[in-house]
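**Student:** All chains should be modelled from the sequences, with the hints used to inform the complete structure.
First to last, the sequence lines map onto chains A and B. Number 304 in numbering that gives the first Met the number 0 belongs to position 305 of the first sequence; there are no gaps in the numbering. Number 103 in numbering that gives the first Met the number 0 belongs to position 104 of the second sequence; there are no gaps in the numbering.
A few of these clues could be false.
Claimed, not checked - A few chain A residues that face chain B, going by a derived Cβ cut-off under 10 Å, partial list only:
id, residue
1, G85
2, E128
3, M129
4, A130
5, N131
6, R138
7, Q144
8, S158
9, V159
10, H160
11, Q176
12, V180
No wet-lab data here; the hints were simulated from the structure. This one's a predicted model, so the numbers in the text were calculated from it and none came from an experiment. Ideal Cβ positions, reconstructed from N, Cα and C, are used throughout, including at glycine.
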Amino acid sequence: MTEPRHIPLKLPLLARVEGEGTLELRVHDGKIEDLRLRIFEPPRLFEKFLEGRDYHEVPDMVARICGICPVAYQMSAVHAIESLFGVKPTKWIRAMRRVMYCGEWIQSHSLHIHMLSAPDFLGFTGVVEMANRYPDEVRRGLKLQALGNDLIRLLGARSVHPVGACVGGFFRAPKQQEIDVLLEKLRIALPEAEDLVRWTASLEFPADEQPFTCVALRHPDEYPMNEGRLVSTQGLNIRADQFEEHFTEQQVPYSTALHCLLEGKPYLVGPLARMNLNLDRLPASVRDLVSSLGVRFPSRNMHHSIVARAIEVVIAMREAIRLLDSHEGSQAPSVDVTPRKGVGAGCTEAPRGILWHRYEIDAMGKIIRARIVPPTSQNQKRIEDDLRQSLESFGMSQREEDLRHHGERVIRNYDPCISCATHFLDLRINRRGP
Amino acid sequence: MKNRVLIIGIGSPFGDDRLGWVAADALRGSDVMRAAPIGSIEISILDRPGSLLPMHWRNTDCVILVDAVRSGALPGTRHRLDADELTGAGMACSSHGFGVAAAVELARALGEMPTRLMLRGIETDPSSMGMTLSPAVAAALPTFCADIAREALYLASNCPPAFASMA
Numbered sequence: 000m001t002e003p004r005h006i007p008l009k010l011p012l013l014a015r016v017e018g019e020g021t022l023e024l025r026v027h028d029g030k031i032e033d034l035r036l037r038i039f040e041p042p043r044l045f046e047k048f049l050e051g052r053d054y055h056e057v058p059d060m061v062a063r064i065c066g067i068c069p070v071a072y073q074m075s076a077v078h079a080i081e082s083l084f085g086v087k088p089t090k091w092i093r094a095m096r097r098v099m100y101c102g103e104w105i106q107s108h109s110l111h112i113h114m115l116s117a118p119d120f121l122g123f124t125g126v127v128e129m130a131n132r133y134p135d136e137v138r139r140g141l142k143l144q145a146l147g148n149d150l151i152r153l154l155g156a157r158s159v160h161p162v163g164a165c166v167g168g169f170f171r172a173p174k175q176q177e178i179d180v181l182l183e184k185l186r187i188a189l190p191e192a193e194d195l196v197r198w199t200a201s202l203e204f205p206a207d208e209q210p211f212t213c214v215a216l217r218h219p220d221e222y223p224m225n226e227g228r229l230v231s232t233q234g235l236n237i238r239a240d241q242f243e244e245h246f247t248e249q250q251v252p253y254s255t256a257l258h259c260l261l262e263g264k265p266y267l268v269g270p271l272a273r274m275n276l277n278l279d280r281l282p283a284s285v286r287d288l289v290s291s292l293g294v295r296f297p298s299r300n301m302h303h304s305i306v307a308r309a310i311e312v313v314i315a316m317r318e319a320i321r322l323l324d325s326h327e328g329s330q331a332p333s334v335d336v337t338p339r340k341g342v343g344a345g346c347t348e349a350p351r352g353i354l355w356h357r358y359e360i361d362a363m364g365k366i367i368r369a370r371i372v373p374p375t376s377q378n379q380k381r382i383e384d385d386l387r388q389s390l391e392s393f394g395m396s397q398r399e400e401d402l403r404h405h406g407e408r409v410i411r412n413y414d415p416c417i418s419c420a421t422h423f424l425d426l427r428i429n430r431r432g433p
Numbered sequence: 000m001k002n003r004v005l006i007i008g009i010g011s012p013f014g015d016d017r018l019g020w021v022a023a024d025a026l027r028g029s030d031v032m033r034a035a036p037i038g039s040i041e042i043s044i045l046d047r048p049g050s051l052l053p054m055h056w057r058n059t060d061c062v063i064l065v066d067a068v069r070s071g072a073l074p075g076t077r078h079r080l081d082a083d084e085l086t087g088a089g090m091a092c093s094s095h096g097f098g099v100a101a102a103v104e105l106a107r108a109l110g111e112m113p114t115r116l117m118l119r120g121i122e123t124d125p126s127s128m129g130m131t132l133s134p135a136v137a138a139a140l141p142t143f144c145a146d147i148a149r150e151a152l153y154l155a156s157n158c159p160p161a162f163a164s165m166a
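**Tutor:** Written out as C-alpha cells, the structure reads:
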C-alpha cells in the first residue's frame, strides 16, 4: 500500500496579475484537498476615507481606486448618488457618460488581451516576447489602447484617474473639433478592432466547459454599461438597490479581499457573463461579426473570455462613433444637484464586471457610510472553483512549473484586479477597564 | 520628422513621483533650453503611460526619460542610465504596473527604439507624501536639471538620426 502523497504547492507572486497574491494548494493522492487564492495586498480602506467627505468629492476620490478602470468607479458613484438626490441627467449627459465608459472598455480590454492574455494562448512568457513574433498584433493592441485613453481624456481631461465627471454630469463639454478628431480616429481603427475579434477567435482554446452562474446588467434595449437591472442565468432580476438582499460578502482568513456570493454561491461577472446574458442586446452592426466566428456564445468555456473582450472592444467603438456622430454642440455639461438625506445604490459594468456602490448621505451631502463591491471580489470564489477543476483535469502529477503556468492562465481569464478588491479590514478591538 | 531630442517627464501628482513633471517644467523655463535652436528639443509630460510610452517617441532621434527612481540609494542621489542598462523588467508585468523598463523592452522588441535613449532620475525618499517633492529630491533638482539641459543641447547637435539607415 502506498503512502498518501501530500504535496504542498505554493505559487508565490502571481505573474501578469495586478496586485499581490499567491495560490496555495494541498494535494492528497492526486486530488486537491485545499485550494486558496491567498491575497495579501494591503487593505485599501477607501470606504473609510470617504466617510465625512462631501458628495461632490466622491467621483475624484473613487477614481483613485484603480488606474485601469477609474471611469467605472466614477460612474457607479455618480449613479448611486444621483439615484438618491433624484437627479435626472440630460440625454446628452447620458450619451457622453456612455462614450467615456466606451473609452475605458476599449483601453482596458485591449491592454488585457495583448499584455496579459494573448501571450498565454501563444505560448509566450509575456508581451515583450510575443512582440518579437507578433509585432503587428501588439502594435494594433497599443493603438486601440491609446484610442481608448483618448476617449477617456475627451471627457475626463486625462486618462489616468480622470477628473472631468461629476455628480450631475461633467465639468465641461468637449469642443466639436476635439470630437471630430476622435471620430476620424475611431472610424479608421474600427476595421482593425474587427480583425482583432477574428484573430482572438482563431486562437486554440482548451476544451474546458464548466458550469457557472453568470451575473450582469441588462438594459431594455442596449448592451449594458451604465444602466440596467441585475440579472443572472439562474433567474435573478433585481434593481441595483436590492443587491444586498441577494449578495453577501464574506471574509476568509487567508485573504485581505472579500468573497462575494450570490445566494451563498459563487458566480461569474465580466465580459463572458455580459455576452452570455446579453446576446440579444448586441448592436445589429456587431451581430454578423459575432455569428461569423468559430466560437459560439453563450459559452461555458472561460478561455473564450478573450473573444468576448475583443467583441466588446468593437461594441464600444461602434457605440462611441454612433453617439459622437449624433452629438450636437453647445450643451450644458451638467444639471443642478441638491443633496438629500438617505441611501443610494448604483451599479455599472466595469471592464471586469459589475461594480456596485452604495452611499449613505446626510442632509448636508456628507457621506456617512460607503460600500463598494468590485468585480474581482465577486469573481474570487469562482476563480477558486475554476482552479480546482482545471488543475485536477490538467493533472496534479504535472511539474510544479507547469501547474503554476496553468493556474496563472486560468486566473488571467478573469483579468483580476487584486488591488481593487482588497479594500476591507475587519478591525476588532477588545477593550477592558473603564 | 519630429524634434531631434525629446525629453519626457514621467510621473504622477504624488510626492517624489512628481519629479518627472517638476523637472520638465523647470527645463521648459530654463535659459539653457531657450538657447537651443528652435524645434531641436521638445519637452513633454506624461502621467504613468505604461505600455504606451514607446508611442510617444516615434520618429524621434534621441530620448531622455526623466523619472523618479527607487534603487535603495540615498534619497537625492542622481541617476543616469543608458537604454541597455534598462533591462530585465518586462517579462512578468501586470496591466497596472507596466514600468519604464518594461516599456523600453517592448519598444526594443517592436523595433521602435530611438538612436539614443537614456533615463535620468533622482532617488526618491520612500517616506515622501503629499503633493510636493521631499527636501532631498528638491535639493538635487537644480543640478539635475542643469545636467539634463547640457546633455539635451549636446544631443541636439550630435545625435545621429534614428531612421537614417532605413532611408
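**Student:** Broken hints, numbered, in rising order?
**Tutor:** 1, 11, 12
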